[in-house]
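All chains should be modelled from the sequences, with the hints used to inform the complete structure.
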Amino acid sequence: MIKIKKRWEIQESEVTPESLYLRRREFMKAAGTIGGALLLNPWAAAQASLEIGDYKKKVISLDEEITEEEDATSYNNFYEFGTGKEDPKKHSKRFKTDDWKIVVSGECAKPGAYGLEDMVKPFPVEERIYRLRCVEAWSMVIPWLGIPLGSILNTFEPTSKAKYVAFKTLHDPVRMPGQQRSVLNWPYREGLTIAEAMHPLTILSVGMYGKTMPNQNGAPIRLVVPWKYGFKSIKSIVGIEFSEDQPLTSWNMAAPREYGFYSNVNPEVNHPRWSQKKERRIGEIFKRETLMFNGYGEEVAALYDDLDLAVNF
Amino acid sequence: MWVATALKSVYAKPVVHLLCLVPFSALLWAAFNDGLGANPVEKLTHETGDWTLRLLLITLSISPLRQWTGQAAFVRFRRILGLYTFFYGCCHFSIWFVADHSLDLAGMIEDIVERPYITLGFSALMLMLPLAITSNQAMIRRLGKKWKSLHQLVYLIISLGVLHFVWLVKADYLEPTIYAIIALILLVHRVGPMKRFSVKSFLVAR
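Each protein sequence line maps, in turn, to chains A and B. Numbering-wise, this note's numbering puts 137 at position 137 of the first sequence, and it's gapless, one number per residue. Numbering-wise, this note's numbering puts 206 at position 206 of the second sequence, and it's gapless, one number per residue.
No lab work stands behind these hints, which were simulated from the structure alone. One or more of the hints may lead you astray.
[To be verified] Now the in silico label distances, taken between C-beta atoms and shown as ranges: (1) A:Asp63 to B:Val98: 36 to 42 Å; (2) B:Leu103 to A:Ser105: 51 to 57 Å; (3) A:Glu65 to B:Ser149: 54 to 60 Å; (4) B:Trp167 to A:Ser160: 43 to 49 Å.
[Stated by the list, open to error] Below, a list of computed lysine-lysine pairs in the DSS-like style, where the Cα atoms sit at most 25 Å apart: (5) A:Lys278 to B:Lys146; (6) B:Lys148 to A:Lys89; (7) A:Lys211 to A:Lys90; (8) A:Lys90 to B:Lys170; (9) B:Lys13 to A:Lys277; (10) A:Lys96 to A:Lys277.
[What the hints assert, rightly or not] Not everything, but these chain A residues come out facing chain B in the computed CB check (under 8 Å): (11) Asp71; (12) Ser74; (13) Thr83; (14) Cys134; (15) Trp138; (16) Val141; (17) Leu184; (18) Pro187; (19) Met253; (20) Trp274; (21) Arg280; (22) Phe286; (23) Glu289.
Computed from a predicted structure; not experimentally measured. Every residue gets a Cβ at the ideal spot worked out from N, C-alpha and C, and that includes glycine.
What follows is the structure, given as structure tokens:
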């Protein structure tokens, strides 16, 4: 029951080229070995899942022990693959993310359907070690691989009317069997204010622990907003919409008294049914104090200067 | 009839004891073999809570079983089952008190007062205490008729227990609903026409 954790080993010696190799895995390999004929095959045009090449190591780090990869990939809340903690890993094994498209719409100059590769390729992938605090009072420390959301959003040239950004998860009950039961109102929706979205801590993540994003953690691309409860960090994103009005968000729709639009980690504002003062770090037995804004107050508190956080929870 | 023979056998009670200890042993084994997953405390809390409810439902199904089958010997196991229910309830409570509250009494009391689902769960456990204490033969004799009325508290306990579960769920009510339906059937049986139902008379009537 009690596990002795290894310290995260840092490979500081490495030079870090700023490029992400996005490869058309099987198809290009096949094309190379079998010959040019395959290139004419329409399949060859399909993009396989993202593969992580080099990335900038530890762009943002933490002096806290990293959660074991096994724990972070086997204990997940991803209701699209079932409501049990072990369900996502079990039921997402055959989930394919090839040829992934993200539809960008709303208040911006360049709406359209973007291929995942085209969207992230221009930017170097960064490793960011963040705390993740779930609304259920448990937490992890995860080395994400991602790109600042703001950098990507700017390429779509949001207009001055873009006050919010809304995100949508894939809705496909065949590929995501958890959606066959209406536990939540599918598709899963999340949203941020434009200031939150543009904040340098907010990233779109395509991997973790130095690898491509596992299906159960939100492959191929998910949001990570480290100062908010985990459910704000929407997974398997297929839609990004700039809007003037505050967008609807799934948990707020399900229980508006319990989950607000902001959902910043806040030990002073309890969930109506349980305390948010403490949390259990995965790998530990006893609970520890929860930090305001999950410990990112210095960076983000200014975003909420004019807000009463007890009302705008 | 083999059912009657089995129920009255000297081995029947030891077997029931062993069966009741299977979940506890499985959890203990898993705890020492890294088998409880990423959040062992949560797993232990949920499992011991589930088994408290399950055993309480099994305890409550003894009377209906006796009536439906005409096998009075089922009643031999009611006390054992009730006491194991209390045992799992105590495990459930202890894990929460130790791991969630680090044995901090003030923090625990605050939680009991402020969180309705915890209030319900804790009340259910507290109500089980007098039932456990008065479960032996001497107390049954001493309390006489009062014993029966006292032990009717079990209907309140199961209701509190199920509500405790319903109230803590975030969105997926499937599991607590199953418990609630079974509890409802067992409670309705005690007031409704089902009370007089028996398999034997049902078969004879046909």
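How the hints compare with the structure:
1. A:Asp63 to B:Val98: 36 to 42 Å: Since the Cβ atoms of A:Asp63 and B:Val98 sit about 28 Å apart, the hinted range of 36 to 42 Å is violated.
2. B:Leu103 to A:Ser105: 51 to 57 Å: 54 Å, holds
3. A:Glu65 to B:Ser149: 54 to 60 Å: Holds, at about 56 Å.
4. B:Trp167 to A:Ser160: 43 to 49 Å: Given a distance of about 46 Å, which is inside 43 to 49 Å, the answer is holds.
5. A:Lys278 to B:Lys146: 45 Å, violated
6. B:Lys148 to A:Lys89: Distance ~50 Å between B:Lys148 and A:Lys89 Cα, so the pair is violated.
7. A:Lys211 to A:Lys90: Roughly 19 Å between the alpha carbons, so the hint for A:Lys211 and A:Lys90 holds.
8. A:Lys90 to B:Lys170: 21 Å, holds
9. B:Lys13 to A:Lys277: At roughly 46 Å apart (the allowed maximum being 25 Å), A:Lys277 and B:Lys13 break the hint.
10. A:Lys96 to A:Lys277: 39 Å, violated
11. Asp71: Hint holds; A:Asp71 Cβ to chain B Cβ min 4 Å, cut 8 Å.
12. Ser74: A:Ser74 check passes; min Cβ-Cβ to chain B is 6 Å, inside 8 Å.
13. Thr83: 4 Å, holds
14. Cys134: Since chain B brings no Cβ nearer than about 10 Å to A:Cys134, farther than 8 Å, the hint is violated.
15. Trp138: Result: holds, 6 Å to nearest chain B Cβ.
16. Val141: 13 Å, violated
17. Leu184: 6 Å, holds
18. Pro187: 15 Å, violated
19. Met253: 11 Å, violated
20. Trp274: Constraint on A:Trp274 satisfied, holds at 6 Å.
21. Arg280: Result: holds, 6 Å to nearest chain B Cβ.
22. Phe286: For A:Phe286, the interface hint holds, since the closest Cβ of chain B sits about 5 Å away, which is under 8 Å.
23. Glu289: 12 Å, violated
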